[in-house]
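Chemist: With the sequences and hints as input, model every part of the structure.
Residue numbers (this note's numbering), protein chains in the order written: chain A, 1 to 356; chain B, 1001 to 1356.
Simulated from the structure, these hints should not be mistaken for laboratory data. These figures come from a predicted structure and were not determined experimentally. The beta-carbon is built from N, C-alpha and C at its ideal position, and this holds for glycine as well. Treat the hints with caution; some may be incorrect.
Straight-line C-alpha distance at most 27 Å; calculated BS3-like pairs for lysine-lysine [to be verified]:
1) 1224(B) x 266(A)
2) 1224(B) x 224(A)
3) 74(A) x 1197(B)
From the derived model, a few chain B residues whose C-beta atoms are all more than 10 Å from chain A [claimed, not checked]:
4) 1141
5) 1175
6) 1220
7) 1236
The primary structure of each chain is shown beneath.
There are 2 protein chains.
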Amino acid sequence: MSDSITISVDAMGGDNGPKIVVEGAALALIERPNAKYIFHGREDELKPLLAQHEKLQAVSEIRHCDNVISMDDKPSQALRKGRGDSSMWNALQSVKDGEAQAAISGGNTGALMAMATFCLRPMDGISRPALAALWPTLRSESVVLDVGATVGADEEQLIDFSILGAAMARALFDVDLPTIGLLNVGVEEVKGLEAVKDASKQLHAHSGQGFKYHGFVEGDDLGKGTVDVVVTEGFTGNIALKTAEGTARQVATYLRTALSQSWLSKLGALLAMGAMRTLRSKMDPRTANGAVFLGVNGIVIKSHGGTDEIGFKSALGLTYEMAHNQLINKISEGLREYAAHDEANKDKNNNEVGSA
Amino acid sequence: MSDSITISVDAMGGDNGPKIVVEGAALALIERPNAKYIFHGREDELKPLLAQHEKLQAVSEIRHCDNVISMDDKPSQALRKGRGDSSMWNALQSVKDGEAQAAISGGNTGALMAMATFCLRPMDGISRPALAALWPTLRSESVVLDVGATVGADEEQLIDFSILGAAMARALFDVDLPTIGLLNVGVEEVKGLEAVKDASKQLHAHSGQGFKYHGFVEGDDLGKGTVDVVVTEGFTGNIALKTAEGTARQVATYLRTALSQSWLSKLGALLAMGAMRTLRSKMDPRTANGAVFLGVNGIVIKSHGGTDEIGFKSALGLTYEMAHNQLINKISEGLREYAAHDEANKDKNNNEVGSA
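Modeler: Okay, structure coming up:
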């Protein structure tokens, strides 16, 4: 099958061990039967788990590896300890070697980003990779980046993030020119940081080359889904993401408490059970599990470390889509389209100089 | 009555004009009958509004002023246009002159901050004022600052924010040593910005002097209410605040849509009406209306420009409490306590030098 996608899995990453990884893969296979898997990790643990899922076992391969990066290793420690041979590194190496179209790990974020950068190398033309999240919105979903790869970003890095985010949006959503917004405080041109203002000017000038630039957006535009891609540096992006998760949990707690306050409200909740179930699935953080590490030569997905098999299944779905829709090609296209504008300007300037 | 508090009101600030200001004050007076008001603004508009509220009229004074700062004046324009005579400036001047214990405006935030800094001057020992919000949490409420006074903050400014926030928490909550957390990405010491890391060391060293330092907190700690005071610079703080507001609205929309999906869920919602009302009041952004501009020589409250009379009443309640609980004295105490530690260290060092 030319359509089959092979996913390389760090089976040992995450707080909940290989069990949820294998069970998540079994569930994911039901939705996307074209997938194949390479599981990197301890064979004695993985073999009996896979044996419980016949169909999955048939499309899977185990690559034994004893060395596991722990959740609290610092990135530099992880590199020293796991470079060249660890379940995380080997998962990435399979992508580098062309055996797999994408890698996924629920392991420690800092370690995964360091290893992915080291193993797969940044793409030509990208000065800094970024971690992108899928943000559920009232309209549908948006891509938000950087949500925590690096603290701070200059003008050029914000533009890289825009090109990367637009490519991811093109790979996921049915849209040719994704809209891009730069996260800022207030929509007036006067406010905000220099890097954000300068990037805004550049994006205005390049609007139409692979994306449509909307302008500045504010924190409350995230939930509204005002744009397809929200761009910001990693500190603010990470805090916005966790603030939104925390607020959603807070409101859910208010709702639960309110509904259990009297027998009448309990009865009401019972009758509205279908509605409550819809709400719960809308707000289930597991459905939005999986962040994409953009800007290296290969597809790398970070699953939440604390997730269960349902969450891991969602992250595998995202992994599959990124590979199936050729994320890396879309990024290359985006980089070319963005550069084309500068080339055209350069030619124009040269001609003008020539004719002067 | 020694207990009476006079509040100076920019009656022309906000999107909805003086009507909601006067009606909000009438409502606030029911809850806090000790208040008196000075309304700054156009007498021909204010007089008939006040005439409708006999009790309020009896404790109020109108100070006529024609000049009104508009919602889209830039801070510099506002200063040029309104310095010395505008409803906003005059509201602040009443505090400076000692006629009122606090000022409130629903006008343009940038203009109010510029004017407050210019008219009331920053407090001795404070390098930068900040805008503090009251954040509803699962525990109760927290003080979060800076939510948008200035973009960026160095180590010293973050420490100023901590002292200011702790004083506000002491004035509002029944707590001697408010807990302080610094907003960061990840709780490990290794991550984050230099300014945040350096401020963290200083706060550790001064823990016990007017506050208890908790350490780093993340975005999801805001809604949990992990600490009494969350400190961050204005860019991140503003985006976190608006992201939380947006997420709360998003979840409310999901809930409304889900509950109207069938007649059964509609019936359920009807039976659970009491619970829904509790939830709505918990999530009503109007109850948390009012941000405090901390660090100038006087109490200045910013009400949301788009709020109604209920929201303005809440902001007036906050204004009253800040004055009643002597916010400015509490800040001075906080500054002294923080400095005492340094003095003690200096003395100790001097003595050591002396005895050497």
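Chemist: Please flag the earlier hints that this structure goes against, numbers listed from lowest up.
Modeler: 6, 7
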